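Go ahead and model the full structure; you've got the sequences and the hints to work with.
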Amino acid sequence: MRRSQASAVVLASGSPHKLAEFRRLFLGSPVRTVPPSDFAGPLRVDETGATFLQNARLKAAAYARACQAWSLADDSGLEVDALGGAPGVRSARYAGPNASDDARNAKLLAALADVPEARRTARFRCAVALAAPDGSIVYTAVRSCEGRIAHAPRGGQGFGYDPLFIVGAGDRTMAELTPDEKNRVSHRGLAARAARCFLEARLATTPSN
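Heads up, the sequence shown is in numbering that gives the first Met the number 0, so the first residue is 0 and it goes up one at a time.
Honestly, the hints are just simulated from the structure, not real lab data. Be a bit skeptical, because a hint or two may be false.
[As the list claims (entries may be wrong)] Pair by pair, the computed Cβ-Cβ distance ranges are:
no., residue 1, residue 2, range
1, Ala39, Gly83, 34 to 40 Å
2, Arg31, Pro96, 31 to 37 Å
3, Arg171, Gly134, 39 to 45 Å
[Claimed, not checked] Here are the simulated SDA-like cross-link-like pairs (lysine to any residue), alpha carbons at most 20 Å apart as the crow flies:
no., residue 1, residue 2
4, Lys106, Ile165
5, Lys17, Asp45
6, Lys106, Arg122
Keep in mind that this is a model prediction, so the values were computed, not measured. Heads up, the beta-carbon is just placed ideally off N, CA and C, and yes, glycines get one too.
This is the structure we're talking about:
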């Protein structure tokens with residue numbers, strides 16, 4: 000991994016929310032995170048994996064080969080214990096392929112309508128994968144953030160299921176946290192920092208030519 004090659008990493012996502020979060024998480028890093036539009040634009044990758052990690056690997060490899068660049072991908076979602084881990088890898092498609100965040104949240108609340116507070120435990124889970132330009136996977140990490148599901152949406156920050164997810168043992172939802180607070184505790188923040196540490200360590204130990 001040459002320093003000039005590894006200092007720019009394509010973020011394998013077309014989601015503006017994810018791109019913004021990752022770019023904040025890499026602020027101050029010698030590793031530059033760039034959108035796929037700088038190379039080949041957003042791609043359609045069939046997320047056929049049975050786990051978040053399998054899907055992250057698929058996306059990282061596909062974007063790396065298409066862009067001929069290092070690529071960092073994530074796959075993440077919500078696991079609700081009372082629903083047997085659902086929506087899980089289908090978090091983004093829980094209410095249908097083109098459903099809005101509001102529709103997904105409404106479906107989740109309906110599924111938990113009769114579930115008492117003590118059984119509303121859940122977690123956000125995030126897997127990241129880093130691929131070399133040839134599509135080979137060189138690093139992976141999986142991180143999670145524990146919490147529980149609220150009875151109604153709260154907060155105006157974040158996206159997805161953030162307004163329903165009460166973080167840890169506190170009383171605020173992910174959507175009630177500031178971006179900096181969220182990045183310190185969130186599943187994606189923890190996974191992205193692990194990937195950042197790996198990349199920066201590789202840069203520090205790799206000659207520039």
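Right, here's what the structure says about each hint:
A C-beta distance of roughly 38 Å is found between Ala39 and Gly83, which places it inside the suggested range of 34 to 40 Å. Distance hint check: the CB atoms of Arg31 and Pro96 are about 33 Å apart, consistent with the given range 31 to 37 Å. For the hinted restraint 39 to 45 Å between Arg171 and Gly134, the CB-CB distance of approximately 40 Å keeps it satisfied. The suggested pairing of Lys106 with Ile165 holds, with an alpha-carbon distance near 17 Å, which does not exceed 20 Å.
Between the alpha carbons of Lys17 and Asp45 the distance comes to roughly 18 Å, so the proposed pair stays at or under 20 Å and holds. Using a Cα cut-off of 20 Å, the hinted pair Lys106 and Arg122 holds, with the two alpha carbons roughly 17 Å apart.
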